[in-house]
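Enquirer: This is what each chain is made of:
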Amino acid sequence: MAVPVRVPHSSKQSLDGPPVSYNADLERIEIELLLEGVYRHYGFDFRAYAYASIRRRLWKRVEAEGLTSISELQARVLHLPEAMERLLLDLSVSVTSMFRDPKFYQVFRDEVVPLLRTYPFIRIWHAGCSTGEEVYSTAILLEEEGLLERARIYATDINDAVLQQARAGIFPLNRMQEYTDNYIRAGGKRSFSEYYTAKYDGALFSPSLTKNVVFSQHNLVTDRSFSEFNVIFCRNVLIYFDRSLQHRVHTLFYESLVMFGVLALGSKESLRFSQYEACYEKLDAREKLYRKIR
Amino acid sequence: MAYEIVVVGTSWGGLTALRELIVGLPATLGVPIVVVQHRHRQSDHLLTTLLQDDTSLCVCEVEDKAPIAAGNVYFAPADYHLLIEHGFFSLSMDEPVRFSRPSIDVTFQSAADTYGSRAVGVVLTGANADGAQGLRRIVSRGGRAFVQLPATAESPTMPQAAITAVPEAQVLTIAEIAAQIAGLTSPAGTRT
Numbered sequence: 001m002a003v004p005v006r007v008p009h010s011s012k013q014s015l016d017g018p019p020v021s022y023n024a025d026l027e028r029i030e031i032e033l034l035l036e037g038v039y040r041h042y043g044f045d046f047r048a049y050a051y052a053s054i055r056r057r058l059w060k061r062v063e064a065e066g067l068t069s070i071s072e073l074q075a076r077v078l079h080l081p082e083a084m085e086r087l088l089l090d091l092s093v094s095v096t097s098m099f100r101d102p103k104f105y106q107v108f109r110d111e112v113v114p115l116l117r118t119y120p121f122i123r124i125w126h127a128g129c130s131t132g133e134e135v136y137s138t139a140i141l142l143e144e145e146g147l148l149e150r151a152r153i154y155a156t157d158i159n160d161a162v163l164q165q166a167r168a169g170i171f172p173l174n175r176m177q178e179y180t181d182n183y184i185r186a187g188g189k190r191s192f193s194e195y196y197t198a199k200y201d202g203a204l205f206s207p208s209l210t211k212n213v214v215f216s217q218h219n220l221v222t223d224r225s226f227s228e229f230n231v232i233f234c235r236n237v238l239i240y241f242d243r244s245l246q247h248r249v250h251t252l253f254y255e256s257l258v259m260f261g262v263l264a265l266g267s268k269e270s271l272r273f274s275q276y277e278a279c280y281e282k283l284d285a286r287e288k289l290y291r292k293i294r
Numbered sequence: 295m296a297y298e299i300v301v302v303g304t305s306w307g308g309l310t311a312l313r314e315l316i317v318g319l320p321a322t323l324g325v326p327i328v329v330v331q332h333r334h335r336q337s338d339h340l341l342t343t344l345l346q347d348d349t350s351l352c353v354c355e356v357e358d359k360a361p362i363a364a365g366n367v368y369f370a371p372a373d374y375h376l377l378i379e380h381g382f383f384s385l386s387m388d389e390p391v392r393f394s395r396p397s398i399d400v401t402f403q404s405a406a407d408t409y410g411s412r413a414v415g416v417v418l419t420g421a422n423a424d425g426a427q428g429l430r431r432i433v434s435r436g437g438r439a440f441v442q443l444p445a446t447a448e449s450p451t452m453p454q455a456a457i458t459a460v461p462e463a464q465v466l467t468i469a470e471i472a473a474q475i476a477g478l479t480s481p482a483g484t485r486t
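Here the protein sequences come in this chain order: G and B. For the record, in the first sequence the residue sitting at position 214 is 214 according to my numbering, with numbers rising by one throughout. To convert, count from 1 in the second sequence and add 294; that's my numbering.
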């Protein structure tokens with residue numbers, strides 16, 4: 001038999017979950033109570049988030065706070081606003097990349113840009129923009145297609161802290177190689193380094209990219225539509241929601257799109273399990289680009 | 295004991311191993327099979343397309359909130375964690391776990407916590423220790439564990455790590471594991 005391999009993680013190693021002895025029914029009750037408490041005390045509504053992923057994130061926070069149960073975390077976040085702020089970051093931040101899924105941007109360039117050229121003025125909504133990587137990606141793409149001047153991009157997120165980062169436009173320098181690679185695969189027309197200035201360990205993106213971008217706080221769960229859009233991007237945000245909440249958000253998107261407006265979802269998200277499937281046609285099935293037709 | 299889900303983890307050498315596993319399965323299965331194979335974040339549908347050629351079972355990449363149905367072979371998509379809820383999948387872009395996304399441990403733990411003693415974990419060839427902790431959890435919750443005989447694995451590290459973490463796992467060749475999975479539930483037990 002081969003040499004025994006040392007398992008690098010002992011029993012102490014966290015799997016971002018409860019101890020095996022933890023009662024699963026009780027755990028669900030505790031999680032529902034915590035989310036209800038957070039909603040009623042702070043107004044943040046995570047009650048319809050996808051259970052399996054919010055559960056992982058809650059247990060990570062339990063461990064980071066040095067606690068042992070969800071109920072202990074509930075007491076802490078209700079009594080300590082600073083603990084709530086930490087939890088809010090855990091629950092609302094979704095890290096993404098510039099030009100994630102390069103093929104998506106290539107298809108957007110080929111299929112959607114020609115449609116956008118027909119409008120004198122273009123309104124775009126990035127829903128759940130987090131720290132803004134995709135907003136800058138879109139702005140770069142529109143700039144290269146000569147459309148940025150007549151576009152207004154509304155970039156929204158529930159979390160004001162990430163919006164501040166997005167506004168600043170500084171991204172980690174050590175990601176630039178990956179982003180450059182993505183940019184080239186996405187059909188980028190220039191040299192990616194033209195868009196940023198390296199400083200210390202950050203890459204500061206050109207403020208000209210965001211001069212037509214409005215960053216603003218918006219809660220997909222509780223807030224209404226605020227305009228009519230030609231394009232809505234909401235990529236890899238809905239995966240954190242359960243089916244009922246996904247449906248509510250799809251209603252919001254449907255009502256916020258102009259006729260023949262374009263909805264862009266994440267590559268593993270689909271309208272197939274939603275009730276709006278028949279209202280859209282597929283511009284590109286694989287890259288999850290849809291166009292409102294009724 | 296009726297099992298309701300089989301989760302399979304593999305890394306280096308996985309394509310060959312998975313092909314052997316899938317070819318060894320009958321044309322109808324009473325359980326769903328969920329595969330987590332480490333791969334590059336920009337890899338496309340090639341893996342599932344290749345494996346679909348070898349079987350009449352439906353091989354597909356998971357989309358968010360897709361229902362889990364017996365008889366299908368599901369793959370975790372590249373660059374997402376795959377979580378298992380009661381009867382459907384959820385995806386997550388949370389940070390990689392020990393450099394992996396998808397992480398085998400994350401999916402195994404999710405299967406163990408959701409399906410308890412009705413989950414079966416399978417660890418095949420791979421050059422790291424992902425899956426060992428998750429397999430431990432499946433067994434701790436009363437589920438079953440199969441590990442590829444390390445001597446038959448293209449890379450024995452992952453099976454060996456799983457055996458170290460789960461000494462009670464059944465250590466078998468891939469053909470034997472396929473036969474075990476085929477016997478878990480009869481096609482008569484297939485739920486629609």
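Hint data in this document are derived by calculation from the structure and do not stem from the laboratory. Virtual Cβ for every residue (Gly too), placed ideally from N, Cα, C. It cannot be assumed that every hint is accurate.
[As the list claims (entries may be wrong)] Taking beta-carbon pairs under 10 Å as the criterion, some of the chain G residues facing chain B (in silico): (1) Asp16; (2) Glu27; (3) Ala50; (4) Ser53; (5) Lys211; (6) Asn212; (7) Phe241; (8) Lys268; (9) Arg286.
Enquirer: State for each hint whether it applies.
Expert: The hints, checked one at a time:
1. Asp16: Hint on Asp16(G): holds, closest Cβ of chain B at ~8 Å, below 10 Å.
2. Glu27: holds, 9 Å
3. Ala50: holds, 4 Å
4. Ser53: Constraint on Ser53(G) satisfied, holds at 5 Å.
5. Lys211: Result: violated, 29 Å to nearest chain B Cβ.
6. Asn212: violated, 27 Å
7. Phe241: holds, 9 Å
8. Lys268: It holds, given that the least Cβ distance between Lys268(G) and chain B is near 5 Å, below 10 Å.
9. Arg286: holds, 8 Å
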